[in-house]
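Enquirer: These are the residues of each chain, in order.
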Amino acid sequence: MAEFMRCTSPMLEVAQALLEAGGEELKTCYQCGTCTSVCPWGNLIEFSPRRFIETARLGLEGFEEATWTCVQCRMCQDRCPQQIDIPQIFRAVRGVLSEGGSTPPALRVPLAGLRGEGNPWVEPREKKTAWATKNDVPALAPEHEVVLFACCANEYEARNQRDGVAVAGLMKAAGVSFGYLGKEGTCCGDLIATTGAESLFSLLRKTNLNALGGVSARTTVTISPHCLNAFRNRYPAVLGMTFRHVTELWDELLREGVLKPSRGGAARVTYHDPCYLGRHNGVYEAPRNVLKAIPGIELVEMAHHHERSICCGGGGGGAWMERPKGERLGDLRVMEAVSTGADTLVTACPYCVQMLEASVLGLNLEGKIKVRTVSELLSDSIAQGGVE
Amino acid sequence: MSKLKVAVYWAASCGGCDVAILDIHEKVLAVNEACEFFLWPIAMDFKYADVEALPDKHIDLTLFNGAIRNSENKHIAELLRRKSKVLVAFGSCAHTGGIPALANLYSKDQIFHRAYVESPSTVNPQGTLPQTATPVTEGELTIPTMFDHVYSLDQVVDVEYYVPGCPPNPERIWEVLFAVVSGATLPPPGSVIGAGERALCDSCGRKRTEDKRITGFNRVATTPLDPDICFLDQGLICLGPVTRDGCGQQCVKASNMPCRGCYGLPPGITDQGAKMIAAVASVIDAREPEDIRKIVATLPDQAGYYYRFSMSQSMLGRKKA
Amino acid sequence: MTNDPKIVAFLCHWCSYTGADLAGTSRIKYTPAVRIVRVMCSGRIEPSFVLKALKEGADGVLICGCHPGDCHYQEGNYKALRRFHMLKEMLGQFGLEGDRVRLEWVSASEGDRFAKLADSFTEEIRRLGPLAWKRVGNESERRVA
Amino acid sequence: MSHEPRIGVYVCHCGVNIAGVVDVKRVAAEMASEAGVVLSREYKFMCSTPGQEMIIDDIQSHGLNRVVVAACSPRMHEGTFQGACRKAGVNAYFFQMANIREHDSWVTLDKEEATRKAIALTRAAVRRVRNHEPLETRQVEVRKEVLVIGGGIAGIEAALTVAESGNHVYLVEREPTIGGHMARFDKTFPTLDCSACILTPKMNAVGSHPNITLMTSCEVEEVKGFVGNFDVKVKRKARYVDHDKCTGCGACVEKCPVKVPSEFDEGLSKRKAIYTPFPQAVPNKPVIDRAACTYFRTGKCRLCERFCEPKAIAFEQQESTQEIQVGAIIVATGFEFYRGEALSWYGHGRYPNVITALEFERLNNASGPTEGVLRMADGRVPQSVAILHCIGSRDKNYQEYCSRVCCMYSLKFAHLVKEKTGAEVFEFYIDMRSPGKGYEEFHDRIREEGAHLIRGKVGEVTDLAVNPEEQGRLIVVAEDTLAGSRLRVPVDMVVLSPGLSAHRDSKVAQLLKCAVDKNGFFIEKHPKLAPVDTATDGVFLAGCCQGPKDIPDTVAQSQAAAAKALALATRGVVEAEGRTACIDPEVCAGCKLCVSLCPYKAISFDTAKEISVVNEVLCKGCGTCAAACPSGAAQARHFKDVHIFNEIEGVLAL
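Chains as they are written, first to last, in our numbering: chain A, 1 to 388; chain B, 1001 to 1321; chain C, 2001 to 2145; chain D, 3001 to 3654.
Think of the hints as simulated: they come from the structure by calculation, not from any bench. Among these hints, one or two may not hold up.
Unchecked claim - The list that follows gives simulated cross-link-like pairs (lysine to aspartate or glutamate, EDC-like), each with its CA atoms no further than 20 angstroms apart:
hint	chain 1	residue 1	chain 2	residue 2
1	D	Lys-3601	B	Glu-1210
2	D	Lys-3601	B	Asp-1211
3	B	Lys-1320	C	Glu-2124
4	C	Lys-2055	B	Asp-1148
5	B	Lys-1319	C	Asp-2099
Looking at chain A on its own, in the form it has when it is part of the complex:
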């Protein structure tokens, strides 16, 4: 008889483990499906956060597959009528699965890199500050008022080094008293926290807390929205420090008249909101204000912008996961950008830069659209010396 019983029983032990790992809010879901309908993956693949929650809640088979798809863009959470922190549920499940040894192979490399060398590219730790030395970025000294915290991507990855150099150049031009937190610091751990690697994240956090705990500056400026998010939302507020994103700094310096852009940039640009700057941290206008302040730049919006912006696909560990053509959120975003008629797709996050550039290449649109950062465009527009 038994083989004819095609029924599944709830696996409450599994469900209980998920609840204990921080998936408490699983219980309040009433299965309306808003999450699924607003999830950007819906445009490309079959993916239902709702079904994920329902299966996870009862410990039913099937939720494991969906676990690693989520890019933590937070669209679902913002729209959830029950105000459920759905990204957190994914993180909790990931934590449980990782403990059981089910980390996807693609993630093992960056995890090993972070564990061994403090960066996801498995580059030797010694190379961390090479970019700064080469480009005369001042190292942090006690008299500095601002800490510059660069993303691993700015440090180890060639494309994003350009952004880092632009940031340092602008800070110098504006006369900001700043220094770069080099070897004492390490990766902020934000993206790794989203993959459920809690213990590794705590390790990285400890290193950074030690490094920042010892400095006298009261403000830290990050280039990546992920570092910003880690400091603002995942680190304890014990440091008593203010954390700001570079675009917020530029916006302020422009308003105060310290920075005066004079040379025009690209004629028509569109701005892609990084999820971790926008939805996660509520910064929507600062980068736009910067772009609007640059002479000659015309800012147009894509179909999805501000709170409705679509993820580049790099969040939640997505940056390291290979996806077949036709299943790339970055492609969707680049096509949306192209359809605005813009010649430049501007963003403000190293991972967005990586993902969007990969899509531009993959779609053979190199001649049609460039990917730049807000800092790069601003840097271009500041005359040599910058400050009058």
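Following the hints, position chains B, C and D against chain A.
Expert: Quick look at chains B, C and D alone, frame taken from chain A:
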């Protein structure tokens, strides 16, 4: 008829109460006629030993003024208690602690430090503080021990009656003495005598509004005072509403000054400060916490205002250690 | 457990007491340290109640009334608010930590809030330690009653 | 009267509600040693008849003169036990209750702690009751007139019910006509009666009833007094038309040259500056919209005046105030549709063919802007329509509660669309809620009619087409949670079904000293057993002001509220609160502080005796005067200092 046996004593106080007895003027002769004094340090010479030698309950009436501040005050209070049939807490200090009890807002250490080390006129580089016993070549010199706390008389010994005031109104004093001397029936023990049964406002003729609003507290020194209008209506703290009537209103009527509360609580309330806050704060003209705090801040030293004469009898009694 | 703080809470009948009832009917658990005394309106609450409670051994006093604008008797809560601020100022002179006496608005529908408030206030008082006002003063100097 | 206290203490088990946590035997034993306690018992259910009889027997056989019951909240059973005391000849105010259920056994986990707390709370009651005094309650006559605030179906029904009994009603409505939301609906679920057909006769009945004074364009401005004796000030806004002279001929409306969007039609049609809101309005006489009127704006025009034969135009009319006296008040202020941010997520205001429920009602109404033909913005009749449930409802970001009626009215919409246009209907819902008489059957009928009911909340409405079929249409994106598929449904028109919200701008609750819940709805006295009473005696609730409800429930509640008001009027008298303030003339020093503080002006100053005096009829017993009286002359009966001090000592004694 034998003369009434009387003692008058002065503990922690200024001496004004003693003087007030003399302020009954020529009637003091009648008192002298009717009374035999066994102790009255300010007026006559007696030794404590003489009192100690008296049989218990020998004295008919003791008027005890002053608070209990040190071991000597307490010793004499207990002595006079033993020797007296009727012990009267005479004046604010004995009644409710009076001005000396404001010291309860400080610790003994703070007071010593202020008096013997900090005060501008003091030169005391070693920081020497009073010692209760000092060895000298001739032996040991002792002075009374200062207590941590200032007490009203009834916090140390049982008391039959209270005559309030700083000082008591001479007319009231005469009424009390006359009653005792003439053998009139005395009220039940524990009563306040020589004072009224209502609050001071009852006999105050100042005009009051029916729509009181306090927008800020004024101070006597910096405000022109209208002699016909209720002080509260002028934004001044007047303790009249929480003070027993009977003083004759030397302050309010004769001097155009708000009542300071020396006659103590009227019957029916338990704490001058608490009641004054309840009454005054209710009519503060503000609704937002910030605005209320601003108005409250215009009245510094509330405890000093409200418990000027009644700290010993206040519900909290003293500052927390 | 007997070392737990003792807290007297004065609650107005219409909002806060009803809110505390709602915490009960909703079976929300909170500390037993908070003991409730009911008055019809927070406007009835006098500073002497607070002093009495402190003197009788309370470590903290909580005053709750209707939210501003919601007073069943129009403005009683504003009167409580004014007295509270003036009393707090004076209690400071008596060396009392400002947080030992607290005023909060709790509506009839805020059972959950009342329970949370009871817990957080008790926690705060526990942090401040026992008040033991009954023992303030010097027993040896005073007459033995 | 100064006999020694002989107290009986009764500790209730309340089944296991108390006894399961609190050691009731220990509580009773502890109380036995308190001064004045003659006997101390525990019993399973004190509020039961045997429980009450036990108290009565003990009072008689043991000569008790004070009673303490430690049980539930006094809000629950104080009256019950006071009644038992009274029956046994003990004044009701010699009773005191200790709340060891809501404030103890239900909120405490630790049994030992719960027992200690119960002992403390009961001891407080025992110590307090010793010092209680007997209080007298007085009887006050009740006025027969009733005020109804709000002229929607709830107010109309309540007014008619009261008026039919022969009592007089004042019906106050702030709009120029009665009728409320119901007058704007096309059909009513589940029977599909024409809304106007069933409402209009009632509106007319109100307009012509000899026992109803209809006060439109009026607002309640001030309410004073108490149950049975309310003094109400009503502000009458200027209408600029003398309704006594006006015959309602309509010549003025016809001639008026100004056109502005009609509120009644949700701005989908125009009305004149002088207008009657809709053809069946009651009163069916026009008013002038001052903001739109050319004469008021420029000083010129007066066309309406020229064409008014009865000379009813009154540009000089001013706002006026009328005072009325009533014994009871029925609140029927209704609701408004949710109009918040959630609408914009679904494109309302961005896409012209995304409309709200109320717009849909008007578009479907034969007297509406399209004469009942469902049209899109460009005039075409839609081929497909999506109806979205729960807009702003069941959503912690907006309104957490379920509005109860939206599922049903949305199903009604599906029927109307089908019937009128034959279009495909897609209805997106989270859960289908149809618990009413005939409601589930109506739901079935709509399915049978072929509407596509899809279980899934819509995430987005967009015009971004990804294929030719979607081109030029609105695409509704949702997950069909039953199929587990993400859907993109292209439609011509989207109807948003928002929930019901409380009137946020209303001052009525404040004027009546009624509490509202966190959503702004009036709080009833008891959610189950007193659903039309409020905490303010003599004020009753009808309809959606208390919470979202459908028409049958609204009408039922209106009739219930009317019955409550009539019961009060029929009884003719009310017992006034015994726990009032008093001022001891022997103690009062005449400082006048209390006079300024009394919120009810119940204290006056007797200039002859120079003391303050309480008018106990006006006093509500808040105790503010007692708290503020510096000399202790003002006392709050039953809440005197001594009582509170006793309680404080009691609760701190363990």
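Enquirer: All hints, please: hold or fail.
Expert: Hint check results:
no.	hint	verdict
1	D:Lys-3601 x B:Glu-1210	11 angstroms, holds
2	D:Lys-3601 x B:Asp-1211	11 angstroms, holds
3	B:Lys-1320 x C:Glu-2124	18 angstroms, holds
4	C:Lys-2055 x B:Asp-1148	19 angstroms, holds
5	B:Lys-1319 x C:Asp-2099	16 angstroms, holds
Of the numbered hints stated above, none is contradicted by the structure.
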